[in-house]
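Chains as they are written, first to last, in the numbering used here: chain V, 4 to 881; chain L, 38 to 504.
It is worth saying that the hints were derived from the structure and are not from the lab. Don't take each hint at face value.
Said to hold, decoys possible - Straight-line distance between alpha carbons at most 16 Å, and here's what the computed EDC-like set of lysine to aspartate or glutamate pairs gives:
{"#": "1", "chain 1": "V", "residue 1": "LYS672", "chain 2": "L", "residue 2": "GLU320"}
{"#": "2", "chain 1": "V", "residue 1": "LYS127", "chain 2": "V", "residue 2": "GLU36"}
{"#": "3", "chain 1": "V", "residue 1": "LYS672", "chain 2": "L", "residue 2": "GLU79"}
{"#": "4", "chain 1": "V", "residue 1": "LYS652", "chain 2": "L", "residue 2": "ASP67"}
{"#": "5", "chain 1": "L", "residue 1": "LYS58", "chain 2": "V", "residue 2": "GLU660"}
{"#": "6", "chain 1": "V", "residue 1": "LYS583", "chain 2": "L", "residue 2": "GLU79"}
{"#": "7", "chain 1": "V", "residue 1": "LYS375", "chain 2": "V", "residue 2": "ASP456"}
{"#": "8", "chain 1": "V", "residue 1": "LYS127", "chain 2": "V", "residue 2": "GLU59"}
{"#": "9", "chain 1": "V", "residue 1": "LYS711", "chain 2": "V", "residue 2": "ASP675"}
{"#": "10", "chain 1": "V", "residue 1": "LYS685", "chain 2": "L", "residue 2": "GLU320"}
{"#": "11", "chain 1": "V", "residue 1": "LYS651", "chain 2": "L", "residue 2": "GLU79"}
{"#": "12", "chain 1": "L", "residue 1": "LYS72", "chain 2": "V", "residue 2": "GLU742"}
{"#": "13", "chain 1": "L", "residue 1": "LYS72", "chain 2": "V", "residue 2": "ASP50"}
{"#": "14", "chain 1": "V", "residue 1": "LYS275", "chain 2": "V", "residue 2": "GLU299"}
To be verified - Just the calculated beta-carbon pair ranges, DEER-fashion:
{"#": "15", "chain 1": "V", "residue 1": "GLN691", "chain 2": "L", "residue 2": "ALA184", "range": "56 to 62 Å"}
{"#": "16", "chain 1": "L", "residue 1": "PRO146", "chain 2": "V", "residue 2": "PRO666", "range": "16 to 22 Å"}
{"#": "17", "chain 1": "V", "residue 1": "ALA630", "chain 2": "L", "residue 2": "GLU308", "range": "40 to 46 Å"}
{"#": "18", "chain 1": "V", "residue 1": "LYS583", "chain 2": "L", "residue 2": "THR279", "range": "51 to 57 Å"}
{"#": "19", "chain 1": "V", "residue 1": "ALA46", "chain 2": "L", "residue 2": "ARG474", "range": "30 to 36 Å"}
{"#": "20", "chain 1": "V", "residue 1": "ARG126", "chain 2": "L", "residue 2": "GLU360", "range": "49 to 55 Å"}
Even for Gly, the Cβ is constructed at its ideal location relative to N, Cα and C.
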Amino acid sequence: MEIKLPELSLVLLIGPSGAGKSTFANKHFLPTEIISSDFCRGALTDDENDQSVSKEAFELVHFIARKRLALGKLAVIDATNVQREARAPLVAIAREYHVIPVALVFDLPDRICQERNQQRENRKLSPNLIRQQRSEMRRSLKWLDKEGFRHIAILDSPEKIDTATIRREPLWNNRKELRGPFDIIGDVHGCGDELEALLSDLGYRKVSWMTGGSGWGDEVYRHPEGRLAVFLGDMVDRGPRILDSLRIIRNMVQSGNALCVPGNHDMKFLRKLQGKNVQITHGLEKSMAEMAALPEPGNTEFKKGLMEFLHGLVSHYVLDQGRLVVAHAGMKQTMQGRGSARVRDFALYGETTGETDEFGLPVRHNWAADYKGPAMVVYGHTPVPEPVWLNHTVNIDTGCVFGGQLTALRYPEKEFVQVAAQRTWCEPVKPFRANQAQAPGLTVQQQHDDLLDAEDVMGKRFITTRLQPNITIRAENATAALETMSRFAIDPKWLIYLCPTMSPCETSTKDGYLEYPSEAFSYYRSAGVPTVVCEEKHMGSRAVVVVGKNEDTVQRRFGIQGDGAGIIYTRTGRRFFDNKKLEQELLARLVQAMDSSGFWKALQTDWACIDCELMPWSVKAQELIRAQYASVGAASQAALEASISTLKKMQCREGLEREYQAPPNSSTKPADIEELISTFEKRRDMVQAYTSAYAQYCWPVTDIEDLKLAPFHLLATEGKVHADKDHVWHLTTLGGICEADPDILQVTAYRVVETMDSESQEDAVRWWLALTEKGGEGMVVKPFQFITRGRRGPVQPAVKVRGREYLRIIYGPEYTAPQHLQRLRSRGLGVKRSLALREFALGVEALERFVRKEPLRRVHECVFGVLALESEPVDPRL
Amino acid sequence: MLFTLTNTAAPATDLGYLLHKNPNRCQVADLNFGKAYIFYPEASEKSCTAALLLDIDPVAIVRGKPGTTGGGPLAQYVNDKPYVASSFLSVAIASLYGSALQGKCPQRPDLAATRLPLTAELAVLPCRGGRNFLSELFEPLGYDLQATRHALDQRFPNWGDSVYYTVTLSKRTTVQELLAHLYVLIPVLDNDKHYYVGESEVENLLSKGAQWLAGHPLRDTIVKRYLKFRFSLARQALARLTEEEPEDTDADSCQPDGQELTLEETVSLNEERLGAVLAALRESGAGSVLDIGCGEGKLLRLLLKEKAITGIVGMDVSVRSLEIAHQKLGLDRLAGPARERIRLIHGSLLYRDSRFSGFDAATVMEVIEHLDPPRLTAFERVLFEAARPGRIILTTPNHEYNAMWPNLPAGRFRHPDHRFEWTRREFQEWAQATADRYGYSVRFVPVGREDEILGAPTQMGVFINGN
């Protein structure tokens with residue numbers, strides 16, 4: 004006997020103890036698929052026979068069953084399940100998760116059960132109990148159907164149990180193996196002319212097809228490249244050529260050239276054909292009229308075929324490895340690929356709020372607004388003026404029969420192909436064109452994106468990125484980020500990227516140096532990277548620029564109104580300038596330079612996201628410089644000058660006891676005054692070097708041209724994240740813009756260095772020494788390719804080598820003193836480097852999602868993740 | 038860091054006995070945080086100067102001493118502490134001039150009690166609080182004070198002056214008294230301590246300040262700053278100084294960040310605001326209240342006393358504020374139904390949150406002005422569209438009223454973190470449009486003493502859900 008199971012079902016093994024349920028389960032199912040009540044008893048009390056915890060054990064059984072079903076995994080309940088009360092909650096759970104409940108009944112004679120019970124070593128039940136279980140089971144057998152079991156198999160002999168086989172069958176809606184390409188077509192409603200025109204525009208050609216049957220014609224549309232059409236239902240009612248439309252679609256489906264899901268109109272029509280009592284409204288009269296006008300001979304046979312076709316339609320389809328879902332009225336994530344009456348209802352009607360609008364129509368609940376699933380859902384049902392993307396779903400019912408258009412979505416191309424209605428075939432009850440009156444100019448998705456959900460960012464989270472599969476964001480870090488994001492960050496619609504942290508090179512052991520270029524070269528060399536790019540590191544503040552050609556492009560692409568043509572923000576997502584006028588002036592100069600250098604055309608874009616350094620340092624860090632850097636400079640200089648002059652007075656005194664022995668147990672020892680003076684003079688020199696170091700990065704900004712913007716990564720433009728380009732491409736492309744306005748835009752100097760060529764490296768070291776001796780911050784060394792995988796996974800996207808003098812403002816004015824330097828050398832880069840990689844992966848992912856036009860929540864998740872990781876405690880000097 | 042002490046009473050070199058350090062030697066001592074040198078740049082019959090020069094190890098104060106694990110007391114390498122008079126100097130005085138600080142002089146007991154013409158010079162003294170504060174600290178103690186301020190950076194004159202002064206203090210006094218003054222007042226001026234301030238610090242303060250602190254006009258400020266604004270310690274110390282019983286009030290909290298508070302203190306506006314919000318809640322008969330931006334829980338404390346309110350949720354974006362609120366409200370001391378009545382949650386009013394739904398009323402006191410104007414849309418949708426409480430009671434400053442505060446420059450906001458402040462018209466326009474958009478009605482209530490022309494200092498909108 005072969006037992007057929009839907010691949011996703013909740014299987015109840017029903018039978019008294021000793022009927023062989025567990026043995027059967029172990030033979031046919033994975034151990035992990037079986038949820039045994041005995042096991043759960045044991046899990047709770049260490050004793051599988053402890054009947055006193057039955058209540059808790061079944062709570063656990065139900066809990067595991069729910070979790071498995073929610074995740075789309077089959078579950079087998081191994082318990083006696085002989086009582087209706089025991090089965091009822093399980094059937095309810097199956098319904099809740101829209102899976103099919105299956106009953107496998109083990110109906111063996113009492114004698115066999117009793118014998119097996121006697122043979123058990125560890126547990127013998129009373130014969131009475133087994134008898135009782137068996138009679139309870141037998142009494143409920145004929146009601147199983149009523150209880151809601153759709154698949155019931157009765158195994159009533161040991162032989163049947165031994166020889167039974169199980170076949171798991173995919174659900175009808177599971178057509179994941181079909182990879183497309185598809186042409187998905189919205190509600191036709193009998194618009195036969197428009198349908199033919201659309202099919203023809205899509206490249207479908209009529210070919211002869213002889214197996215159609217009576218009344219179905221002898222032609223079928225097929226695509227020469229094998230594309231598959233997908234009809235979203237509501238083929239009938241309202242329009243002028245209802246049966247023709249049905250013929251076209253049915254023939255395509257029968258011949259394997261199309262798939263079709265049912266619409267609510269199609270099902271109502273079917274019920275009418277089946278002779279059920281339905282109201283002849285909403286255009287059904289048109290369908291019935293066409294039926295009535297059919298010529299007498301063949302009429303009955305045609306009607307039979309039509310009913311078969313409509314009856315056979317599957318509520319929705321899951322296609323392309325689960326990446327695409329089609330249904331008439333949409334399909335929420337928890338119902339996709341599942342089968343139940345509620346799933347079918349949802350596919351046909353969607354959900355309503357229970358209210359009616361001013362036209363007396365039910366108010367539809369906008370399930371797409373809450374949709375967060377990974378699969379793209381294409382649906383129709385509610386006419387809209389234009390196809391509307393929202394959260395990876397799209398409604399392509401553009402109301403052809405109401406005088407709108409018949410729309411097809413080409414998948415995976417995501418292109419729309421439309422045919423305008425020849426005329427208004429039917430007056431809509433509600434004018435569907437007035438649908439979008441609010442906030443003109445923003446798309447539905449953009450309006451939706453004004454509201455982000457706390458549950459999408461708070462708590463412990465896992466983010467999957469292309470570069471690193473599973474990045475964990477700890478709850479504490481998310482908590483910290485929520486505060487920063489809420490109090491200080493710019494509108495998330497602007498915030499499409501945050502830059503990763505950057506680790507320094509390994510600590511150098513070279514005399515007098517903490518960081519030195521050779522360490523960076525050796526890091527990349529050992530990682531297996533032959534070529535690196537050394538870029539001059541400007542000492543200003545990191546700035547991300549998002550800029551559009553003008554305010555209109557910003558509104559269109561970013562959904563932001565009235566906040567300028569772009570923005571400059573910091574590495575923590577704050578607006579860079581308090582002075583918005585200055586910001587917009589600077590952006591205007593940048594846009595001018597992009598205009599005149601032909602940037603927009605060359606990159607085929609009207610916006611760009613650029614990673615920059617903005618100078619001077621003092622423009623952003625003025626308060627910090629005053630309160631910390633300059634203060635320490637002032638204090639240290641005054642203190643050391645006073646100390647030296649006081650020491651010198653002592654030195655000049657007569658009659659000092661130059662040599663003396665400190666008394667034993669004294670807390671003090673003799674000190675050498677000359678040595679002390681020399682030490683303090685050295686300290687004074689270091690402090691002076693320190694003040695010169697920070698002073699280089701400060702100058703007053705009175706005019707816009709006192710600002711210098713140095714772009715170094717062209718992160719993204721329309722349709723592209725430029726992480727696939729090498730750094731020389733980035734620098735030369737941006738260099739072209741810089742040349743157009745050298746007063747404000749600063750080119751970044753760079754060297755390409757071969758890590759296997761010592762001359763090339765020495766040359767770069769000399770370059771670095773020259774840069775840093777002039778007061779430069781240092782350089783950033785990057786692998787030639789933006790994204791590089793090394794010997795052991797991804798390598799650091801960049802490593803900084805900071806200059807000896809610059810590091811005084813990091814490690815303190817006197818860090819170069821040998822006794823300090825020696826201790827400072829012990830520093831761990833591990834955490835910093837691991838963070839850098841994760842943040843880099845998140846940053847690139849954020850851009851890629853934005854460029855793919857994913858909902859804002861998906862982009863925000865990544866930048867929020869970067870901000871959260873930045874709250875991880877790391878040595879701030881690295 | 039350099040501190041010199043000069044005696045000009047002949048024989049001036051008696052200073053050596055007092056400090057228990059030989060004027061003819063240059064000596065070094067090891068301290069926890071570095072080295073201290075003691076030497077005498079001058080040691081004549083007429084004038085004798087003892088110099089205490091600290092060589093603070095800048096790496097150790099961040100990383101901890103070599104050979105120890107764990108960090109040092111400070112986080113920054115770029116730090117003024119190695120160069121200025123700070124609590125490090127107080128510790129050094131206690132350790133190297135310990136007997137002098139205690140008024141002992143074993144070799145010449147008579148000297149310890151002798152008032153001498155003493156001059157102390159601190160090469161670099163941070164005066165957080167300004168030159169006047171410096172005078173107000175030392176002049177009541179009878180010092181002749183000279184202070185020279187240092188510029189931040191000669192190359193950038195427009196950066197202005199630093200907080201550092203070279204300070205000379207002269208007075209005929211005992212060495213003990215002078216050292217005790219410095220020991221207490223240096224960290225007060227720096228407004229910082231490099232070590233943890235606990236109960237023992239109260240004893241420390243009382244032992245050094247017993248003679249003079251009780252009568253000092255800035256007594257309270259000195260005590261608070263010395264004890265790093267740990268108010269429970271400060272109250273304890275003040276009570277003992279003035280021999281009063283300490284009041285049993287709130288637990289510790291952080292230092293209030295001033296501006297908003299001091300400005301508005303004059304009218305105790307905060308109290309009036311709380312009262313008005315409470316009145317609006319009572320009028321509504323709300324049984325469940327969500328306080329958005331509850332901060333340290335001032336309103337929540339009032340709500341807890343309202344029998345009619347059975348469900349209270351305080352939400353804030355700052356975890357730190359919630360911790361303080363938890364402590365101040367004594368939530369750990371509540372049990373059973375009383376504890377279940379109130380919940381504090383961390384959240385943001387810019388993210389839709391299912392935990393905000395289902396309340397009779399929501400209060401939003403002095404919150405929206407901390408949002409950047411472009412983010413208001415998100416706030417409106419989170420509260421008015423998604424959470425949809427029965428009532429929303431919202432307060433925000435009336436910008437017009439700022440003219441009533443003479444020390445607030447025109448056009449400036451009441452608090453540095455305010456992103457905007459609205460006039461009555463601006464607020465009412467926004468409130469009306471928002472109410473219309475989301476199906477609420479709104480009426481406006483002035484809060485605080487009204488000025489005929491400028492209106493009340495705070496404006497309140499009461500929104501009622503129309504559906």
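Structure-based check of all given hints:
no.: 1; hint: V/LYS672 with L/GLU320; result: violated, 77 Å
no.: 2; hint: V/LYS127 with V/GLU36; result: violated, 26 Å
no.: 3; hint: V/LYS672 with L/GLU79; result: violated, 20 Å
no.: 4; hint: V/LYS652 with L/ASP67; result: violated, 23 Å
no.: 5; hint: L/LYS58 with V/GLU660; result: holds, 13 Å
no.: 6; hint: V/LYS583 with L/GLU79; result: violated, 60 Å
no.: 7; hint: V/LYS375 with V/ASP456; result: holds, 11 Å
no.: 8; hint: V/LYS127 with V/GLU59; result: violated, 22 Å
no.: 9; hint: V/LYS711 with V/ASP675; result: violated, 51 Å
no.: 10; hint: V/LYS685 with L/GLU320; result: violated, 74 Å
no.: 11; hint: V/LYS651 with L/GLU79; result: holds, 11 Å
no.: 12; hint: L/LYS72 with V/GLU742; result: violated, 55 Å
no.: 13; hint: L/LYS72 with V/ASP50; result: violated, 68 Å
no.: 14; hint: V/LYS275 with V/GLU299; result: violated, 19 Å
no.: 15; hint: V/GLN691 with L/ALA184: 56 to 62 Å; result: violated, 25 Å
no.: 16; hint: L/PRO146 with V/PRO666: 16 to 22 Å; result: holds, 21 Å
no.: 17; hint: V/ALA630 with L/GLU308: 40 to 46 Å; result: violated, 34 Å
no.: 18; hint: V/LYS583 with L/THR279: 51 to 57 Å; result: holds, 53 Å
no.: 19; hint: V/ALA46 with L/ARG474: 30 to 36 Å; result: violated, 53 Å
no.: 20; hint: V/ARG126 with L/GLU360: 49 to 55 Å; result: holds, 53 Å
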